[in-house]
Amino acid sequence: MRNLILIIAIVALTATAAVWLTRHEPAHAAGEADHGHGHTEGGEGHAAEPETGPHGGRLLHAGDTRLELSVFEQGVPPRFHVYARHAGKPVAPEDMQVEVWLTRLGGEIEYYSFMPQDDYLRSRESVGEPHSFDVEVNAVIAGEQHHWQYSSHEGRTRIPAELAQEMGIVTETAGPQTLAERLAVTGRVRTDPDRLARVRPRYAGQLESIEVGLGAAVEEGQVLARIRSHESLQTYAVRAPIAGVVLRRDAQPGENTGETPLFVIADVSQVWVELDLFGRALGRVRPGQPVRVETLDGANADGVIDWVSPLAAHASQSVVARVVLPNPQGRFRPGQFVRGAVTVDETEAALAVRESALQRFREFDVVYARVGETYEVRMLELGRRGGGWVEVLDGLAPGTAYVTGNSYLVKADIEKSGAAHAH
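First residue of the sequence shown: 1, per the UniProt record's numbering; consecutive thereafter.
Be careful, since some hints might not be right.
[Claimed, not checked] Label-pair distances were calculated between CB atoms; the ranges are:
#: 1; residue 1: T347; residue 2: V223; range: 56 to 64 Å
#: 2; residue 1: F278; residue 2: A217; range: 47 to 55 Å
#: 3; residue 1: R333; residue 2: F278; range: 22 to 30 Å
#: 4; residue 1: G75; residue 2: G383; range: 45 to 53 Å
#: 5; residue 1: E166; residue 2: A92; range: 51 to 59 Å
#: 6; residue 1: T186; residue 2: G288; range: 18 to 26 Å
#: 7; residue 1: P176; residue 2: P54; range: 41 to 49 Å
#: 8; residue 1: A299; residue 2: F278; range: 33 to 41 Å
#: 9; residue 1: G288; residue 2: P78; range: 25 to 33 Å
#: 10; residue 1: M115; residue 2: P176; range: 44 to 52 Å
#: 11; residue 1: S316; residue 2: P78; range: 50 to 58 Å
#: 12; residue 1: G288; residue 2: L311; range: 15 to 23 Å
#: 13; residue 1: G383; residue 2: R331; range: 36 to 44 Å
#: 14; residue 1: G383; residue 2: G106; range: 17 to 25 Å
Just so you know, the hints here were simulated from the structure itself, not pulled from any lab data.
From the three backbone atoms N, C-alpha and C, an ideal C-beta is built for every residue, glycine too.
Work the whole structure out from these sequences, hints included.
Here it is, written out as structure tokens:
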């Protein structure tokens, strides 16, 4: 049912985006087209694809002048290349002047200047990803001034706020984070030996009555049994030395007492978790390190490594690391197997995003930035990882709102609308 709801939401989102794009498609001068980088600005129902020149770039027209603006990125950082023809003849790069302004989502403006290179002009500045922007070109060719404007968007879609909320799209703000390196280990829950009592009779005798059953919760000083002494023939009470739970009861009315404890009582309001360390973990885990402990049924708690054994088990060659955990609700039961995540290192990252927010777009790891109701891909250069976060070295500005929940829906809508570019 949930998958059906998500499919319906994607279909509705695609239809909404198509209607919005139809109503808001920017006006173009006759003959204008995309910048020739393989971009499209929507899915089915849109105008024919922009006209491209012989170098695969955006072809712009003005009278007898043809200007081709392309992005060249084969094995080098992406740069604009400009080729021009006037009256059917190539224009030498020394005979033209070109400048380009890009306006990116959010209003950031970039300026590009050019220098001659062989038979074309090459931008001095590289063109950062994503190649999604509104373009303004000013040029002087054969003594004539020209001005062109057009939009070239990739990896971009618009999702109305109400629809985004219905789809469960969640955003957070990118900023500094602590990256925690965690080591996965396993272990088991044990009773704290200092909270375990083995109750024996003070004097040998015959058990007249048993006052508690196996598994009963008892208070300190509570009567557990009554025994008639063989020597004095007097009856005395056997009381609980601690509060806890009766784990064992080796006593029946009428029996004579022996050397075996009558009761074993454990206080499990605090327990030990013994984690097994193998191989490389031996040299990385030490007392004082934070650790999260989780049972197989999902109960979890945070603690610290209290002690690491100086001895290794002969058979397994493992070493025990102990965590002391408060257990007031009894969620951790002695004998249970547990998983542990020990924080063995922490580093500060100036900028990081949630690892779960990452998607793949072309050959890049990306997140989807949100500006108002518009979502656009951000290609990332990533660094260290830890604790569910990944460091961002380049590709995202601090303070950017990015999608952390249901980002795959944004990706699906962009792919359905055709708002990608082919390399």
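Structure-based check of all given hints:
1. T347 / V223: 56 to 64 Å: holds, 58 Å
2. F278 / A217: 47 to 55 Å: violated, 38 Å
3. R333 / F278: 22 to 30 Å: About 25 Å separates the Cβ atoms of R333 and F278, which means 22 to 30 Å holds.
4. G75 / G383: 45 to 53 Å: Given a distance of about 24 Å, which is not inside 45 to 53 Å, the answer is violated.
5. E166 / A92: 51 to 59 Å: Roughly 57 Å apart at Cβ, these two residues keep to the hinted range, so it holds.
6. T186 / G288: 18 to 26 Å: Holds, since T186 and G288 (Cβ atoms, about 21 Å apart) stay within the stated range.
7. P176 / P54: 41 to 49 Å: holds, 48 Å
8. A299 / F278: 33 to 41 Å: Once the Cβ atoms are compared, 24 Å apart, the range 33 to 41 Å for F278 and A299 is violated.
9. G288 / P78: 25 to 33 Å: Cβ of G288 to Cβ of P78: about 49 Å, so the range 25 to 33 Å is violated.
10. M115 / P176: 44 to 52 Å: violated, 39 Å
11. S316 / P78: 50 to 58 Å: holds, 55 Å
12. G288 / L311: 15 to 23 Å: holds, 20 Å
13. G383 / R331: 36 to 44 Å: Since the Cβ atoms of G383 and R331 sit about 37 Å apart, the hinted range of 36 to 44 Å holds.
14. G383 / G106: 17 to 25 Å: holds, 24 Å
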